[in-house]
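Protein chains: 2
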Amino acid sequence: MFSIKSPTLLVDEAICKNNIRRMKRKADRIGLQLKPHVKTHQSADIGEWLKEAGVRAITVSSVTMASYFAAHGWSDITIAFPVNPLEADSVNYLASAVNLSILAADLTALTQLESTLDNEVAVYIEIDTGSGRTGFPSTDLGAIREAALFIRKSDKLKLRGFYSHPGHSYACRSRQEVERIHEDARVQLAALKEELQPDFGPLMVCMGDTPCCSVAERFDGVDEISPGNFVFYDLMQTQIGSCTPADIAVALAVPVVACYPERAEVVVHGGAVHLSKDTCQLLDSTVYGVPVSLNGEGWSAPLQDCYLKAVSQEHGILACTKSVAASLKPGDILGILPVHSCLTADLMMGFTTLNGTKLNHIRTSALYSHV
Amino acid sequence: MFSIKSPTLLVDEAICKNNIRRMKRKADRIGLQLKPHVKTHQSADIGEWLKEAGVRAITVSSVTMASYFAAHGWSDITIAFPVNPLEADSVNYLASAVNLSILAADLTALTQLESTLDNEVAVYIEIDTGSGRTGFPSTDLGAIREAALFIRKSDKLKLRGFYSHPGHSYACRSRQEVERIHEDARVQLAALKEELQPDFGPLMVCMGDTPCCSVAERFDGVDEISPGNFVFYDLMQTQIGSCTPADIAVALAVPVVACYPERAEVVVHGGAVHLSKDTCQLLDSTVYGVPVSLNGEGWSAPLQDCYLKAVSQEHGILACTKSVAASLKPGDILGILPVHSCLTADLMMGFTTLNGTKLNHIRTSALYSHV
Chain Z
1 MFSIKSPTLL VDEAICKNNI RRMKRKADRI GLQLKPHVKT HQSADIGEWL KEAGVRAITV
61 SSVTMASYFA AHGWSDITIA FPVNPLEADS VNYLASAVNL SILAADLTAL TQLESTLDNE
121 VAVYIEIDTG SGRTGFPSTD LGAIREAALF IRKSDKLKLR GFYSHPGHSY ACRSRQEVER
181 IHEDARVQLA ALKEELQPDF GPLMVCMGDT PCCSVAERFD GVDEISPGNF VFYDLMQTQI
241 GSCTPADIAV ALAVPVVACY PERAEVVVHG GAVHLSKDTC QLLDSTVYGV PVSLNGEGWS
301 APLQDCYLKA VSQEHGILAC TKSVAASLKP GDILGILPVH SCLTADLMMG FTTLNGTKLN
361 HIRTSALYSH V
Chain F
1001 MFSIKSPTLL VDEAICKNNI RRMKRKADRI GLQLKPHVKT HQSADIGEWL KEAGVRAITV
1061 SSVTMASYFA AHGWSDITIA FPVNPLEADS VNYLASAVNL SILAADLTAL TQLESTLDNE
1121 VAVYIEIDTG SGRTGFPSTD LGAIREAALF IRKSDKLKLR GFYSHPGHSY ACRSRQEVER
1181 IHEDARVQLA ALKEELQPDF GPLMVCMGDT PCCSVAERFD GVDEISPGNF VFYDLMQTQI
1241 GSCTPADIAV ALAVPVVACY PERAEVVVHG GAVHLSKDTC QLLDSTVYGV PVSLNGEGWS
1301 APLQDCYLKA VSQEHGILAC TKSVAASLKP GDILGILPVH SCLTADLMMG FTTLNGTKLN
1361 HIRTSALYSH V
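Residue numbers (the numbering used here), protein chains in the order written: chain Z, 1 to 371; chain F, 1001 to 1371.
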């Protein structure tokens, strides 16, 4: 592999493109539009891989991210974050440039925004199907109908349908649990659609989360899906049951900086500012990442009995066996499969493919080069 | 206050400068050299505030950070991270430009580095005084003496003394516990100095962690301190007992985007990509931050009975009272005191003072402006 001297986020293009193709094929087979959530990679370059697979619409989590992808040729963008009325000017500008959809999670915010719009914007009413984060509870038909009526009265807003992120699927620890969450959310959304469609014309239902979209097969009443993490997957998704370790498309390459065979530990340059502080439970341990060996073609399966047990700002402490610790030396490079690839990508602000090509990221779009 | 539309990291210059002056006065009073760890702010602008207070030497956690501060006029820099032999060229270059000190935490790594050096580098032997991260155990006199002998034999390396980061102080939950950790580490280091000084000439002892440096008064045998977090402090430090909430010098300004009085919750635009996923325990709850009100002069004390209970990538869920939730509306701006200011600063890549001046950060040094 090309020379690596400091923490570097590697992406295995073949695994990533395979993850994209698999989800696109599933969406096509079931008759869903795949609108991937690009917050995971935040990369126009990886966006091109989505286009190659036939993806035409994307989902983002901020106005800034929408602007970045609009500048890179995307013309159908959903901002899957409650509209911030303070950003009305940017929303208005974007709506003049692309086919823009936003989420209404609070009628006051939508009213404020509407009063300043010049251009037409499509609106999904966000539904809380159990995650307890944002959106109207699916049981609050009165408030949902009130929002739908407000949108219908406006000549700037166009009701597109319902959006829900069943993020409580992240608490699942088996495919069966994920399927239960999915089915529960799906039924709520399908019922809403059936209830309001007669009065409000054709309505779309969009569901977005990687566990449900990876595991579930029944999508009756659903029209669109917007998973994000699936392009890379990560350890958390293996814990949930969404993927296997072989599907993880990113690994943080880290230099070994100190070896302590007597502690059965190795310290690497790879900490919270590279991986994030997200953890998951694997093998009864709290884990910040698991190591793999790097080779010319990519990386190995996770090294047995080894895991990143702690991170500070720049340090990572790898618990391993005494023999693994004795076999490593400072200057060796290991890969670390991240717990949460979205946060690792955000921190690393870019990717390097296995042949050394650098891929961009929204946070480096104004940088001359990767630091 | 100036207009804020999206997540913005505010720094209260008066609080920050006061934190700096207080630590500098303490160091002067006890007769210690203060070499602040600038990983917390990573900002040349805030570095100027250190210079104003009379600080002449700094500590950093990477070669990249050392290069950045060297380019901003710092000439006495300690890289408090185990030397990575792959970065020997950069270390060598830096050593030609500034008075450079490095840490030896592994003799193999030091040997590799030494073989490639052209310029003189000062070396601290890193001592593990109980944190279990990096360094030679203080009890391993044989290995420590071997490292000292290796350094003495080299015409490139110069033994400066011992460095220790008693990071296990972060597990403390009272000033008494911090004092015990400090005293235990201090005694280990003072004994080492006494043991090796006769053979290896004058040796410095440098201790670096904000809890010990904030709380302890006894530093016999210690020559230098390198705390970092104290310039900003944060919620974790209040939990440890290092500071009060009034000493916290940074707050993340976040727009309210959705209000749910019936849930007694408010959702803000401020999540893991702004604050990090670090948590602490306050009021028997796991907390990702606590809210404050912003006003013309800065911010209020923490709002009673309110805390950030969850973050996802961009969302923060604020648990509050029904009346607080009902009193807020989308577009309002709150401040969030961070759990771990070092990680928040790293993520936000810059600071804004209360009069709207933007301060730089190593990660934005090549950006035209803050995103």
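What the hints contain is simulated information worked out from the structure, not anything from laboratory work. Take these hints with a grain of salt, some might be off.
Claimed, not checked - Below, a list of computed lysine to any residue pairs in the SDA-like style, where the Cα atoms sit at most 25 Å apart: (1) Lys1322/F x Ser138/Z; (2) Lys5/Z x Lys1329/F; (3) Lys329/Z x Asp1118/F; (4) Lys1309/F x Lys322/Z; (5) Lys329/Z x Lys1322/F; (6) Lys156/Z x Thr116/Z; (7) Lys1153/F x Ala1122/F; (8) Lys156/Z x Lys1329/F; (9) Lys1329/F x Leu141/Z; (10) Lys5/Z x Ser300/Z; (11) Lys309/Z x Gly1132/F; (12) Lys329/Z x Thr1286/F; (13) Lys309/Z x Thr1286/F; (14) Lys322/Z x Thr1286/F; (15) Lys329/Z x Lys1309/F; (16) Lys329/Z x Lys1329/F; (17) Lys5/Z x Asn1092/F.
Model, not experiment: these values are computed from the prediction.
Exercise. Taking 25 Å as the top limit, are the C-alpha atoms of lysine 1309/F and lysine 322/Z close enough?
Worked result: violated (40 Å)
Exercise. Taking 25 Å as the top limit, are the C-alpha atoms of lysine 5/Z and lysine 1329/F close enough?
Worked result: violated (48 Å)
Exercise. Taking 25 Å as the top limit, are the C-alpha atoms of lysine 1329/F and leucine 141/Z close enough?
Worked result: holds (22 Å)
Problem set entry | Holds or violated: lysine 156/Z to threonine 116/Z, with C-alpha atoms at most 25 Å apart | This hinted pair holds, its Cα atoms lying about 10 Å apart.
Exercise. Going straight from one Cα to the other, do lysine 5/Z and serine 300/Z come out at no more than 25 Å?
Worked result: holds (20 Å)
For this session: Given the hint that lysine 156/Z pairs with lysine 1329/F, test it: the Cα-Cα distance must not exceed 25 Å.
Result: Satisfied, since the Cα-Cα distance of roughly 22 Å is no more than 25 Å.
For this session: Could you grab the alpha-carbon distance between lysine 329/Z and lysine 1322/F and see if it respects the 25 Å cut-off?
Result: Violated, at roughly 57 Å.
Exercise. For the pair supplied as a hint, lysine 5/Z and asparagine 1092/F, is the alpha-carbon distance within the 25 Å limit?
Worked result: holds (15 Å)
Exercise. Between lysine 1153/F and alanine 1122/F, does the CA-CA distance stay at or below 25 Å?
Worked result: Holds. Lysine 1153/F to alanine 1122/F sits at ~13 Å (cutoff 25 Å).
Exercise. If you draw a straight line from the CA of lysine 309/Z to the CA of threonine 1286/F, is it 25 Å or shorter?
Worked result: holds (20 Å)
For this session: For the pair supplied as a hint, lysine 329/Z and lysine 1329/F, confirm whether the alpha-carbon distance does not exceed 25 Å.
Result: The hint is violated at about 56 Å.
Problem set entry | Agreement of lysine 329/Z and threonine 1286/F with the hint, judged by alpha carbon distance not exceeding 25 Å | Distance ~38 Å between lysine 329/Z and threonine 1286/F Cα, so the pair is violated.
Violated hints, listed in ascending order, are 2, 4, 5, 12, 14, 15 and 16; each of the other numbered hints is respected by the structure.
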